[in-house]
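Q: As a plain string of letters, each chain reads:
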Amino acid sequence: MAYSDKVIDHYSNPRNVGTLDKSKKNVGTGLVGAPECGDVMRLQIEVDETTNIITDAKFKTFGCGSAIASSSLATEWLKGKSVDEALAIDNMEIVEELALPPVKIHCSVLAEDAIKAAINDFRVKNGLPELEAAKSHH
Amino acid sequence: MLKLPIYLDNNATTPLDPRVLEAMLPYFTEHFGNAASRNHAFGWQAEEAVDYAREQIAQLINCDPKEIIFTSGATESDNLAIKGVYEMYAQKGNHIITATTEHKAVLDTCKHLEKLGARVTYLPVNAEGLIDLAELEAAMTPQTILVSIMYANNEIGVIQPIREISAIAKKYGALFFTDGTQSVGKIPVDVIADGIDLMSFSGHKMYGPKGIGALYVRRKNPRVKVTAQMDGGGHERGMRSGTLNVPGIVGLGKACELARLDMDADTQRIAAMRDRLERELLTLEESYVNGSREHRLPHTTNISFKYVEGEGLMMGVKDLAVSSGSACTSASLEPSYVLKALGLSDDLAHSSLRFGLSRFTTDEQIDYAIGHVKEAVTKLREMSPLWEMFKEGIDLNSIEWAEH
Chain A
1 MAYSDKVIDH YSNPRNVGTL DKSKKNVGTG LVGAPECGDV MRLQIEVDET
51 TNIITDAKFK TFGCGSAIAS SSLATEWLKG KSVDEALAID NMEIVEELAL
101 PPVKIHCSVL AEDAIKAAIN DFRVKNGLPE LEAAKSHH
Chain B
1 MLKLPIYLDN NATTPLDPRV LEAMLPYFTE HFGNAASRNH AFGWQAEEAV
51 DYAREQIAQL INCDPKEIIF TSGATESDNL AIKGVYEMYA QKGNHIITAT
101 TEHKAVLDTC KHLEKLGARV TYLPVNAEGL IDLAELEAAM TPQTILVSIM
151 YANNEIGVIQ PIREISAIAK KYGALFFTDG TQSVGKIPVD VIADGIDLMS
201 FSGHKMYGPK GIGALYVRRK NPRVKVTAQM DGGGHERGMR SGTLNVPGIV
251 GLGKACELAR LDMDADTQRI AAMRDRLERE LLTLEESYVN GSREHRLPHT
301 TNISFKYVEG EGLMMGVKDL AVSSGSACTS ASLEPSYVLK ALGLSDDLAH
351 SSLRFGLSRF TTDEQIDYAI GHVKEAVTKL REMSPLWEMF KEGIDLNSIE
401 WAEH
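Taken in order, these protein sequences are the chains called A and B.
Heads up: the first sequence begins at 1 in UniProt numbering, then just goes up one per residue.
Heads up: the second sequence begins at 1 in UniProt numbering, then just goes up one per residue.
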């Protein structure tokens with residue numbers, strides 16, 4: 001499959017690979033996907049509690065090049081955004097930025113879900129109500 | 001200088017041996033005659049070349065030259081053998097026995113015949129990729145006309161117990177057909193000693209040209225007949241019409257001769273490289289060889305690397321031309337049905353690589369492949385949440401996955 005240069009760049013030089021301390025109150029962790037489906041994405045955010053700005057984001061992804069690129073790009077976009085701004089990230093923006101082929105749109109959906117799951121985890125930890133279920137793509 | 005990418009997909013196809021090309025060239029231009037032209041020297045010359053190729057082939061598999069039917073390749077040979085036997089022996093019965101790990105050319109042909117009234121038994125294989133002889137025997141009925149079991153598997157290289165299988169087929173009066181595509185030219189195949197009644201094979205899997213293959217059809221004890229699948233001029237003893245591909249046939253003949261002469265030396269060298277590749281890659285934690293390591297082709301290994309995903313892995317080993325255990329042509333990756341038949345889970349089946357070495361593979365290439373694969377697997381695992389969980393001792397089955 002012919003991938004865009006951006007996918008190949010993120011795959012070859014993934015940004016923000018790693019793990020944040022999920023026990024910390026200001027860290028939100030989202031784990032989405034399933035091994036049998038061939039994709040598991042874990043996205044983590046660290047939030048400055050006074051400003052509500054995402055100061056750090058890390059990912060680990062088991063998946064194809066598009067899944068790795070989508071999660072790598074997501075971490076780049078998350079850093080510096082407020083939690084509310086992060087919630088507004090739409091999977092189609094990822095599709096456009098990476099020029100994902102149609103069969104790989106799923107990877108961008110996974111990234112969006114991982115962002116929402118991480119934010120949800122952060123909210124629950126901090127006594128905020130859970131967001132209404134992330135839109136279902138199943 | 002090492003030229004990249006490195007070709008390690010020789011079970012898909014092999015490069016043409018320059019010695020084969022040299023033998024073929026005059027038959028495109030100078031000796032271009034039609035082997036069926038009986039009236040002039042051009043035809044005679046072509047026919048002579050074809051006859052010589054038949055002898056070269058016959059010597060490799062220990063048959064009579066007259067028992068070779070030229071086809072366009074193994075897929076056609078598989079079709080001709082199975083459909084041809086089914087039609088020819090319909091009066092005796094309609095039952096065929098094959099295995100779940102056969103090539104699609106066999107499986108799809110059997111499925112086609114099922115629509116026409118055939119009853120087909122698909123034998124399972126064990127974790128090693130081998131069929132159970134007791135199960136084969138239990139499946140035999142008086143209506144069984146054909147047992148079709150491949151000699152060696154294209155994905156995992158596992159070699160079936162051919163002599164035992166043919167003995168069982170014979171005991172119940174059925175014919176034994178084997179898809180010999182991966183084995184002929186690579187390991188000793190002797191149709192008499194092995195008790196084979198029909199066997200398909202192909203030029204391009206043994207350093208010969210593409211578009212030429214053959215079907216061995218036994219003429220004595222028993223005399224086997226197949227119904228032609230193509231109508232026409234009655235070439236190849238009426239079993240396969242069509243003007244003979246003379247340069248291709250010359251190439252297949254030469255490839256068989258070289259295989260016979262070089263087999264021992266080639267095998268020794270290739271198996272040593274394969275074993276080294278395998279040994280080195282198995283030093284990666286959680287990596288597994290798929291299929292029997294004992295009953296296996298000398299140039300093939302198929303290894304799964306747990307906790308990395310197949311397509312991501314293929315991207316990571318971009319400097320190697322290898323084949324993956326998943327067909328990543330769609331959003332939902334289809335894991336290999338052969339690996340699934342061995343009992344591999346989807347994720348392990350996805351994350352496998354097939355390495356097929358050849359006469360032309362070098363130690364230097366293997367060195368590079370070892371380093372390249374190790375690097376890719378290590379890098380992807382560092383990026384894999386599943387690997388992290390595994391290293392922390394978390395049971396992945398205990399996690400409630402949000403399925404997509």
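Hints in this document: simulated from the structure, not taken from any laboratory.
Hints are supplied without guarantee of correctness; some may be wrong.
[As the list claims (entries may be wrong)] Sample of chain B residues lacking proximity to chain A, with all beta carbon distances greater than 10 Å (derived):
#1 Ala90
#2 Ala138
#3 Met263
#4 Ser345
#5 Leu396
[To be verified] Covered by chain A, according to a simulated footprint, are these stretches of chain B (three or more residues, beta-carbon under 8 Å):
#6 310-322
#7 346-360
#8 381-394
All residues carry an ideal CB built from backbone N, CA and C; glycine is no exception.
Q: Hint by hint, say whether it matches the structure.
A: Hint-by-hint comparison with the structure:
no.	hint	result
1	Ala90	holds (43 Å)
2	Ala138	holds (33 Å)
3	Met263	holds (38 Å)
4	Ser345	violated (8 Å)
5	Leu396	violated (6 Å)
6	310-322	holds (count 4)
7	346-360	holds (count 3)
8	381-394	holds (count 7)
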